[in-house]
Amino acid sequence: MARRKSVPMREFRTVKRIDNSRLVRHMEPAKQKNLFKTAGLGGLVAVFFLFYIFQHFRCIDLSFALEDLKAQQAKAAALNSELKLEIANLRDPMRIDVIARRQLGLTQPLPIQVREYEAPSGMQVAAVRFNRRTRGQ
Amino acid sequence: MQEEKVHVRLLIVAGVALLWMTAVFGRLGYLQLVRHSDYLVRAQRQQQRTIEITPRRGAIYDRNMHPLAMSVPVQSAFAVPSEIGDNKAMAARLLSGVLGIPRDVLETRFDSGSSFVWVSRKLPPDKAEAVRALNLKGIYLQAENQRYYPKRDLASHVLGFVDLDEKGLGGIEHELDSSIRGKSEKIVVMADAKQRWFDGGAAQKDQGANVVLTIDEKIQYIAERELAAAIAKTRALAGTVIVQNPSNGAILALANWPKFNPNSPNDAKTEARMDRAVSAIYEPGSTFKLITMAAAFDQNLIRPEEVFDCENGAVYVAGHRIRDHKSFGLLTVSDILAKSSDVGAIKIALRMGAPKFYEYIRGFGFGQQTGVDLPGESKGLLHRLENWSPISIGSVSMGQEVGVTPLQLVTAVSSIANGGLLHKPHVVAEMRRNDQALPLTGALAPSEPKEVIRPETAATLRRLMEGVVLNGTGKLARLDGWTAAGKTGSAQKIDPATGRYSPTQLIASFTGFAPINDPAVTILVSLDSPVGQHEGGQVAAPVFKRIAEQVLPYLDVRRDVPLNPKLIQASYKHQAAEESATLEDFTPVDFAGLPDEPPAQEKSDQPEPVQPAVTVALDEGGDIAVPDFRGKTMRDVTEMCLGLGLEPVLVGSGLAVEQAPTGGASVRHGAKITLRFGLAEEAVKAMKTNTNRRR
Chain W
0 MARRKSVPMR
10 EFRTVKRIDN
20 SRLVRHMEPA
30 KQKNLFKTAG
40 LGGLVAVFFL
50 FYIFQHFRCI
60 DLSFALEDLK
70 AQQAKAAALN
80 SELKLEIANL
90 RDPMRIDVIA
100 RRQLGLTQPL
110 PIQVREYEAP
120 SGMQVAAVRF
130 NRRTRGQ
Chain P
0 MQEEKVHVRL
10 LIVAGVALLW
20 MTAVFGRLGY
30 LQLVRHSDYL
40 VRAQRQQQRT
50 IEITPRRGAI
60 YDRNMHPLAM
70 SVPVQSAFAV
80 PSEIGDNKAM
90 AARLLSGVLG
100 IPRDVLETRF
110 DSGSSFVWVS
120 RKLPPDKAEA
130 VRALNLKGIY
140 LQAENQRYYP
150 KRDLASHVLG
160 FVDLDEKGLG
170 GIEHELDSSI
180 RGKSEKIVVM
190 ADAKQRWFDG
200 GAAQKDQGAN
210 VVLTIDEKIQ
220 YIAERELAAA
230 IAKTRALAGT
240 VIVQNPSNGA
250 ILALANWPKF
260 NPNSPNDAKT
270 EARMDRAVSA
280 IYEPGSTFKL
290 ITMAAAFDQN
300 LIRPEEVFDC
310 ENGAVYVAGH
320 RIRDHKSFGL
330 LTVSDILAKS
340 SDVGAIKIAL
350 RMGAPKFYEY
360 IRGFGFGQQT
370 GVDLPGESKG
380 LLHRLENWSP
390 ISIGSVSMGQ
400 EVGVTPLQLV
410 TAVSSIANGG
420 LLHKPHVVAE
430 MRRNDQALPL
440 TGALAPSEPK
450 EVIRPETAAT
460 LRRLMEGVVL
470 NGTGKLARLD
480 GWTAAGKTGS
490 AQKIDPATGR
500 YSPTQLIASF
510 TGFAPINDPA
520 VTILVSLDSP
530 VGQHEGGQVA
540 APVFKRIAEQ
550 VLPYLDVRRD
560 VPLNPKLIQA
570 SYKHQAAEES
580 ATLEDFTPVD
590 FAGLPDEPPA
600 QEKSDQPEPV
610 QPAVTVALDE
620 GGDIAVPDFR
630 GKTMRDVTEM
640 CLGLGLEPVL
650 VGSGLAVEQA
660 PTGGASVRHG
670 AKITLRFGLA
680 EEAVKAMKTN
690 TNRRR
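Here the protein sequences line up with chains W and P, keeping their order.
Residues 0 to 136, numbered by numbering that gives the first Met the number 0, are exactly what the first sequence covers, in order.
Residues 0 to 694, numbered by numbering that gives the first Met the number 0, are exactly what the second sequence covers, in order.
Chain P extracted, bound-state conformation (with noise of 0.2 Å):
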């Protein structure tokens, strides 16, 4: 009976306790097995957080690894309203102390209705650390990154700028957005109870890549340096200055006046933040003659030492009478360059015929684009030949009716500096990512160069060039210890209220290269409408020697011709005289307080003091005649140009048909003699032509 009772009592407990068991087991199934999801939900939503990582835009440099732009990060305040609640004002109070936003701003952005609002961005680091120290529930900080260009206006226009969402809106910033902004990642996140982060996710993956320009930090302050100081000095509304080199097609500055900081873009006028160098159109004046004497060499029509008649000074083209800009008698092709006669020109221009004329207008890239890595090219403006006025082939011919920007002109140039190969102008060097060099693909691709005139026809237009600057127009681009090249330009702008050619507002513009032999730069100098002395070769050639006595030395290159100590002291002593009143900062160099500056200078009639360490170059070669080199083969040319101590250029093979300068020129010692190899047949008939020629 007793044992009956203890077994039904042990039953019940076991029957409660089985109960009990399958209650928290089937709860436990319920909650594991049929509300899982939702379960797996709630907790996730407790725990984790999945914040969006913007990678840190990538750092653009110069050619020696300098930042010119540069990402830091930085914090920004956000709100959520929802989670603020009823302390809207008391936060709107604090904030607006802390970061100086007006409290009904804040409040009023705090009741907008919105999930999330910002309070502030890019903080600078106190008051992040001031809005972090207040602890408000609902404002948060966020990472972000600002866009910093430590040189502030340096290369602006090349760099471009961004937008407060590191939007590329301008130069490489904007050409290469995709690439130096990186794509944006979310990662998941834990999250305790204290809203404390463990358990963070993976690192960015894909980062914004690195962009090294060819521009050269030291280069493009020289050239905005002489530019500022150029427009100060002319007041010329606009300017240009293009540094290339020529062997390469690589931009070693760009600048453009009026420029602007690209830390604050929005202070700066639209007009100057155009890159001028890339999208203005200007008529190119004398320096397209280049161009008509390039095609009209390379198809053999004329020769340096040959005379046109430059008809006093006016010639008629389809009954039209253009006059020259001075009247000009017999001249040489040489001195039409040299004095820039428009008549000669023109006179050239009508020998070669328009179809042959403008397929090398083309052929030098005018009206297309040149395709380099900027935004906002402009192609130009050359009308097509079939669209060409009878009268066009003169106009086109001096530089008018033909429209070019500053990069197609300095690119053509640099064309004829490098023996005939016309290379795409290019600002990017090469990109990286996690130091890895990425390749360069598109508008980036490095392409080969198009031979547009012959090695030939280039070393000819070389010597014509420097007889410019030696005794033509731009005389005044004469370098001290380099020889220099290059063509002036003065071209009429059109008067909107006339709808004429201005007599006084002109595009004064000077392209050369130095040195002559083997040239390091190529620079264009373009000012737009100087007051006063307003031609190229009185206010953009001495542009160009500035910079490139200050452009060689610093790219190491040698000088090739001697310096006369006189004259440089009583130029520079001039320069400094003129220019120190109004240049101030821009003024490279000034010599008026220079302590060891001899005191010859006052005393012109005592003899020259012997100055010590003042001998820089010494004028090894002197005047050498060429030889006439046709008919003989390359060992004998090689054999002969080393003997003489000049250097050959080679083309082609067998025996020497063309040479440039032709025999009995005079050159310097180490001058670069090109020479065309061809069949034997070639060759004698062009030693016979050059016999009959002589007869």
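If we strip away everything but chain W, and leave its shape as in the complex, we get (with noise of 0.2 Å):
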């Protein structure tokens, strides 16, 4: 079989033009509607879980400066607890005693040292005040 010369092939380009400006897409009002609910409430059960994760996480910051405060506040508490206790030590009548006998010479005064004064009524420390308001204005 005799071998056949091959022909190149012609090739022909056609432009098809086709003209889509005219087709208008057409908008399902409900569908739309029904796509714009779904995102919505995606978007909110998405924020909702951000909040969520957020809150969580800011829970857990909280309560770790809510521990601190806590510790400081103990510490404060044990430290007003020493003061009190410094003050009560302090506040020993034989400190005291011993204070005022031996380092500053104080002596309890002899009964005939003390003078009794009746205590001035209500009324008296009232005038008194009174007038003494009075001159300074």
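Wrong hints could be hidden among the right ones.
[Claimed, not checked] As a list, the in silico DSS-like pairs of lysine-lysine whose alpha-carbon atoms are at most 25 Å apart:
| hint | chain 1 | residue 1 | chain 2 | residue 2 |
| --- | --- | --- | --- | --- |
| 1 | W | Lys83 | P | Lys87 |
| 2 | W | Lys69 | P | Lys182 |
| 3 | P | Lys126 | W | Lys69 |
| 4 | W | Lys15 | W | Lys30 |
| 5 | P | Lys185 | P | Lys121 |
| 6 | P | Lys166 | P | Lys4 |
| 7 | P | Lys258 | P | Lys378 |
| 8 | P | Lys121 | W | Lys74 |
| 9 | P | Lys121 | P | Lys182 |
| 10 | P | Lys492 | P | Lys325 |
| 11 | P | Lys338 | P | Lys325 |
| 12 | P | Lys378 | P | Lys449 |
| 13 | P | Lys423 | P | Lys355 |
| 14 | P | Lys474 | P | Lys268 |
| 15 | P | Lys423 | P | Lys449 |
| 16 | W | Lys74 | P | Lys87 |
| 17 | P | Lys182 | P | Lys166 |
| 18 | W | Lys69 | P | Lys185 |
| 19 | P | Lys258 | P | Lys268 |
| 20 | W | Lys74 | P | Lys338 |
| 21 | P | Lys136 | P | Lys126 |
| 22 | W | Lys74 | P | Lys355 |
| 23 | P | Lys449 | P | Lys258 |
| 24 | W | Lys83 | P | Lys182 |
| 25 | P | Lys217 | W | Lys83 |
| 26 | P | Lys325 | P | Lys378 |
| 27 | P | Lys87 | P | Lys121 |
| 28 | P | Lys136 | P | Lys121 |
| 29 | P | Lys121 | P | Lys166 |
| 30 | P | Lys338 | P | Lys378 |
| 31 | W | Lys83 | P | Lys355 |
| 32 | P | Lys182 | P | Lys217 |
| 33 | P | Lys449 | P | Lys355 |
| 34 | P | Lys217 | W | Lys69 |
| 35 | P | Lys185 | P | Lys166 |
| 36 | W | Lys83 | P | Lys474 |
| 37 | P | Lys378 | P | Lys355 |
| 38 | P | Lys325 | P | Lys126 |
| 39 | P | Lys258 | P | Lys166 |
Since the hints were made in silico from the structure, they are not lab data.
Put the complex together from the two separate chains, hints included.
Pasting the structure below:
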């Protein structure tokens, strides 16, 4: 069989012009509404989820901060107790007595060195205060 | 064909995905549903910590809210040996250096096999910080509380003490332990991977209650200082001072010697921790004659001016001869008390009879607990009436064959001071939790006072007891500026060697109150076995005087008798010279070095220099003769009393039937006159009786 000489194929380029500009996508309002609804709901869930995560981690952070504050409060309370204890120690009557008599040389007055006075009535005190005030003005 | 291939591939991928998803969800379901509880427990074990919070013990305050006992948070170190692992030797070495505990001791603790061992408890802050800085694995710090008594041994017998676990072991700490301690609480906290806590548990709900005592720390200090001074001076073995408010039974001070420091109770001997005021029983001796007299007066069996023959110092009771401490002849009842005649007291008791006498003794609270809110109270010793021997009435009337506690005696004397009402002695004023007052229940519940003698009897006894201080055995208890009443006592102790009363070992005591018209304090002083001078009037009465003269001005009690500057200065100078060498810290006043002491002491022949600002009290009243009020109405009596400057105490209704002091007696300005009112017939009868008696 004789080999046939190949003939080059002629190619044709045809341009088919399709004008879709007149095509209008039909929008179904119900479906679109549904889409927005779903997207909105999804967004809301996502926001809630993100908010939950934020809140959870914020809660943990605040818990740490709270524990730190509690520790500080406990420390301050302990210091307060120690200071109260020190005040109580310093107010020991024996300590005061010894300081008064030994260091300051104080002595208890003789009964005859103490003069008793009647406590002034409230009215008298008020009158004296009033006079002082008016004098000051 | 091509499309089929694509479908197959898609199916394979979808199948694999489905399998994968099924595996994942299956595993999730297995973990969440089947193994849920196991993993929950494991997670909790990793993340949660349960810690036990022991609430801080409530504080104890005096009546002016000055703290007497309080707790401060401290840290204690503990170890979990299993967590230390192989580093036990190193941990022991490092901790030993910081805490000063021998290394081998720590190693032994770590090797003990326990899951928890204390390393050191209640560390000072610097040591706790050093342990924390070591950051050793398996060594932790636990918050605890340490009990402190900032005033050291002040009121130690009232407060008591606690052990290492803060459990109350004495005094109020023991009596109110459950309330002061609060309840331990377990809370759950979350921990992260670094074992930092977050999401801690709720705050403590049931904190320890704070206790407010009736004790006044200043009065307590005065009592303890004067007791210590007296012990140093008399070399007595032990002593007790009680200061009580007679109007309500509140104990203002309760001091014992020997005492102890509750911050280190184990350093003190057991006897030093004993609260003698409520636990020690002793024979009251002559102070018990007050009870004998009270019983006889209350039954109108005797009158103050009635004369008894004291038989020159000896009397026979049931064939036994009882000798008096001195030979007395004829004595009035007032003198029997003032001179403390045993024979006189016995004769009065014999007139009364044992049953009535016993009834009054019980009525005054002897032979039974007073119900004070302190632990270890003794009920004293009083034989039942059926067990009394024929001689018992003689012995008991002079304070032998009967055992009392100092608290019983001071409470009984307070009832004489306040007009005949026996109040329950108490040291707890109130309890508070979170600034809210708690109801006082059980032993703390306030009780109604019991009338043991009539107000007229009490008034008569007060006058007689004043005589003891002015003219009798208690002269050294006379106060500068205030009236005082009391009774001395010098009771022999039983010598354990012979089983008989020892002639040298005595319990010297003085019980009294001041001022007489409106007593602010009742004070009991008791010294066990003073050496040298050993009578109550010699050694205990001066202690009463010194305490009363400091306590009364502190309580703002106005003076009711004028002062004699010369006498006061002389007595204080003598006192200072006598005591300055021995008492040192305990001498409250060292007047020897007083800069403004008048030089007139040395120049007694010169006229007394005028001393500015030394006039203290004026003798406003002088002696006032008390009218006979019997048969008069309340209005008349009140008007007459007010006109004369006397204070009437009215009991009952109707016409005046009885009065104390009786008509014609001399009293001072402002003195209280106790009057009993009754039916008109009774008043007429009383007046007739009096007229007949005069005839």
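Comparing the hints with the structure gives:
For the hint linking W:Lys83 to P:Lys87, the alpha-carbon distance of about 40 Å lies beyond 25 Å, and the restraint is violated. The hinted pair formed by W:Lys69 and P:Lys182 meets the criterion: a straight-line CA distance of about 21 Å does not exceed 25 Å. Of the supplied pair hints, the one linking P:Lys126 and W:Lys69 holds, its CA atoms being roughly 22 Å apart against a limit of 25 Å. Under the criterion of a C-alpha separation no larger than 25 Å, the hint pairing W:Lys15 with W:Lys30 is inconsistent with the structure, at around 34 Å.
For the proposed pair P:Lys185 and P:Lys121, the alpha carbon gap of about 20 Å is at most 25 Å, so the pair holds. At roughly 86 Å between alpha-carbon atoms, P:Lys166 and P:Lys4 are farther apart than 25 Å, so this suggested pair is violated. The hinted pair formed by P:Lys258 and P:Lys378 meets the criterion: a straight-line CA distance of about 22 Å does not exceed 25 Å. Distance hint between P:Lys121 and W:Lys74 is fulfilled; the C-alpha atoms sit about 16 Å from each other, no more than 25 Å.
Taken as a hint, the P:Lys121 and P:Lys182 pair is honoured in the structure, with Cα atoms around 20 Å apart against an allowance of 25 Å. Between P:Lys492 and P:Lys325 the CA atoms are separated by roughly 19 Å; this keeps the pair inside 25 Å, and the hint holds. For the hint linking P:Lys338 to P:Lys325, the alpha-carbon distance of about 9 Å falls within 25 Å, and the restraint holds. For the hint pairing P:Lys378 with P:Lys449, the CA-to-CA distance comes to about 18 Å; that is within 25 Å, so the pair holds.
Between P:Lys423 and P:Lys355, the direct Cα distance comes to roughly 23 Å. Compliance with the 25 Å bound is thereby established for this hinted pair. The straight-line distance between the Cα atoms of P:Lys474 and P:Lys268 is roughly 37 Å, outside the 25 Å bound, and the hint therefore fails. For the suggested pair P:Lys423 and P:Lys449, the alpha carbons sit about 9 Å apart, so the restraint of at most 25 Å is met. For the given pair, W:Lys74 sits about 31 Å from P:Lys87 by alpha-carbon distance, which is inconsistent with the 25 Å threshold.
Under the criterion of a C-alpha separation no larger than 25 Å, the hint pairing P:Lys182 with P:Lys166 is consistent with the structure, at around 12 Å. For the given pair, W:Lys69 sits about 17 Å from P:Lys185 by alpha-carbon distance, which is consistent with the 25 Å threshold. About 9 Å separates the Cα atoms of P:Lys258 and P:Lys268, which keeps this hinted pair within 25 Å; it holds. This hinted pair does not check out: W:Lys74 and P:Lys338 have alpha carbons roughly 65 Å apart, beyond 25 Å.
Proximity of P:Lys136 to P:Lys126 is assessed by CA-CA distance (about 17 Å); at most 25 Å being required, the pair is judged to hold. At roughly 66 Å between alpha-carbon atoms, W:Lys74 and P:Lys355 are farther apart than 25 Å, so this suggested pair is violated. As the CA atoms of P:Lys449 and P:Lys258 are separated by approximately 33 Å, the hinted pair breaks the 25 Å bound. Distance hint between W:Lys83 and P:Lys182 is fulfilled; the C-alpha atoms sit about 24 Å from each other, no more than 25 Å.
The straight-line distance between the Cα atoms of P:Lys217 and W:Lys83 is roughly 19 Å, inside the 25 Å bound, and the hint therefore holds. With a CA separation close to 32 Å, the supplied pair P:Lys325 and P:Lys378 exceeds the 25 Å bound. The hinted pair formed by P:Lys87 and P:Lys121 meets the criterion: a straight-line CA distance of about 22 Å does not exceed 25 Å. For the proposed pair P:Lys136 and P:Lys121, the alpha carbon gap of about 20 Å is at most 25 Å, so the pair holds.
For a cut-off of 25 Å, the pair hint linking P:Lys121 to P:Lys166 stands: about 15 Å separates their Cα positions. Under the criterion of a C-alpha separation no larger than 25 Å, the hint pairing P:Lys338 with P:Lys378 is inconsistent with the structure, at around 30 Å. Of the pairs offered as hints, the one joining W:Lys83 and P:Lys355 is violated, with about 55 Å between alpha carbons and a cut-off of 25 Å exceeded. Simply put, P:Lys182 and P:Lys217 have alpha-carbon atoms about 33 Å apart, too far for the 25 Å limit, and the pair is violated.
A C-alpha spacing of about 18 Å is found between P:Lys449 and P:Lys355, which places the hinted pair at or below 25 Å, so the restraint holds. For a cut-off of 25 Å, the pair hint linking P:Lys217 to W:Lys69 is broken: about 38 Å separates their Cα positions. Distance restraint check for P:Lys185 and P:Lys166: the Cα-Cα separation of roughly 19 Å lies within the 25 Å cut-off, and the hinted pair is therefore satisfied. Straight-line distance between C-alpha atoms of W:Lys83 and P:Lys474 comes to about 45 Å, which puts the hinted pair past the 25 Å bound.
Proposed proximity of P:Lys378 and P:Lys355 is supported: the alpha carbons are some 21 Å apart, at most 25 Å. For the hint linking P:Lys325 to P:Lys126, the alpha-carbon distance of about 68 Å lies beyond 25 Å, and the restraint is violated. With a CA separation close to 21 Å, the supplied pair P:Lys258 and P:Lys166 stays within the 25 Å bound.
Of the hints listed earlier, those the structure fails to meet are numbers 1, 4, 6, 14, 16, 20, 22, 23, 26, 30, 31, 32, 34, 36, 38, in rising order.
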